[in-house]
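Number 95 in the UniProt record's numbering belongs to position 95 of the sequence shown; there are no gaps in the numbering.
Treat the hints with care, since some could be wrong.
What the hints assert, rightly or not - Straight-line alpha carbon distances no greater than 25 angstroms define the calculated DSS-like cross-link-like pairs of lysine-lysine that follow: (1) Lys27 x Lys54; (2) Lys9 x Lys126; (3) Lys54 x Lys32; (4) Lys126 x Lys54; (5) Lys107 x Lys32; (6) Lys54 x Lys128; (7) Lys126 x Lys107; (8) Lys9 x Lys27; (9) Lys32 x Lys9; (10) Lys54 x Lys107.
Unchecked claim - Beta-carbon label-pair distances, calculated as ranges: (11) Lys27 x Leu102: 31 to 41 angstroms; (12) Asn124 x Thr24: 15 to 25 angstroms; (13) Pro26 x Pro120: 20 to 30 angstroms; (14) Leu20 x Arg95: 32 to 42 angstroms; (15) Gln21 x Lys126: 35 to 45 angstroms; (16) Asn30 x Arg95: 23 to 33 angstroms; (17) Ala125 x Gln21: 14 to 24 angstroms; (18) Ser3 x Thr34: 36 to 46 angstroms; (19) Phe94 x Ala123: 14 to 24 angstroms; (20) Lys54 x Arg6: 30 to 40 angstroms; (21) Asp83 x Ser39: 15 to 25 angstroms.
Note that these hints are calculated values from the structure, not bench results.
Just so you know, these numbers come straight off a predicted model, no measurement behind them.
The C-beta atom is built at its ideal place from N, Cα and C for all residues, glycine as well.
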Amino acid sequence: MGSVNRYFKNGHEVLWPQVLQALTDPKYANYKTTFTGHSLGGALAALAAARTAKEGYRRSDQIMIYTFGEPRVGDETFATSFDALIPNSYRVVFRRDIVPHLPACAKDKAWFGGGEISRPCDANAKNKPYHHGTEIW
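All chains should be built: construct the whole structure from the sequences, respecting the hints.
Below, the structure written as structure tokens:
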């Protein structure tokens, strides 16, 4: 599914047992699941949502994710896989917030955007951080 940031992955592993307990509780077996988080919590929510779908605890159409100020969790391969797995994924960002721009990505040098603050990430740069989901500015 691609590479993810080690720090975020380690945090996810610490929290996953509690998430799994809720996902596997028979009382909630057919419930839709919404993941949400802010900043680091957004990164952890993204990893939990991806794992929930990938391991079959919920179907993709039963999962939604809304994050706020989420950093880049993984590389382009992860982002593409995530988007295919979790189509209902929304990242709310404020363009001047530094956190959604971290870890730094490889910038698209061919892009010219005039007065924009930052060039977009290069989707062809392999093994570099890249955003998943629909970005809401």
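Against the structure, the hints come out as follows:
no. : hint                               : in the structure
1   : Lys27 x Lys54                      : holds (21 angstroms)
2   : Lys9 x Lys126                      : holds (19 angstroms)
3   : Lys54 x Lys32                      : holds (15 angstroms)
4   : Lys126 x Lys54                     : holds (22 angstroms)
5   : Lys107 x Lys32                     : violated (36 angstroms)
6   : Lys54 x Lys128                     : holds (22 angstroms)
7   : Lys126 x Lys107                    : holds (12 angstroms)
8   : Lys9 x Lys27                       : violated (28 angstroms)
9   : Lys32 x Lys9                       : holds (24 angstroms)
10  : Lys54 x Lys107                     : violated (30 angstroms)
11  : Lys27 x Leu102: 31 to 41 angstroms : holds (38 angstroms)
12  : Asn124 x Thr24: 15 to 25 angstroms : violated (39 angstroms)
13  : Pro26 x Pro120: 20 to 30 angstroms : violated (45 angstroms)
14  : Leu20 x Arg95: 32 to 42 angstroms  : holds (35 angstroms)
15  : Gln21 x Lys126: 35 to 45 angstroms : holds (36 angstroms)
16  : Asn30 x Arg95: 23 to 33 angstroms  : violated (39 angstroms)
17  : Ala125 x Gln21: 14 to 24 angstroms : violated (38 angstroms)
18  : Ser3 x Thr34: 36 to 46 angstroms   : violated (26 angstroms)
19  : Phe94 x Ala123: 14 to 24 angstroms : holds (23 angstroms)
20  : Lys54 x Arg6: 30 to 40 angstroms   : violated (19 angstroms)
21  : Asp83 x Ser39: 15 to 25 angstroms  : holds (21 angstroms)
Violated hints, listed in ascending order, are 5, 8, 10, 12, 13, 16, 17, 18 and 20; each of the other numbered hints is respected by the structure.
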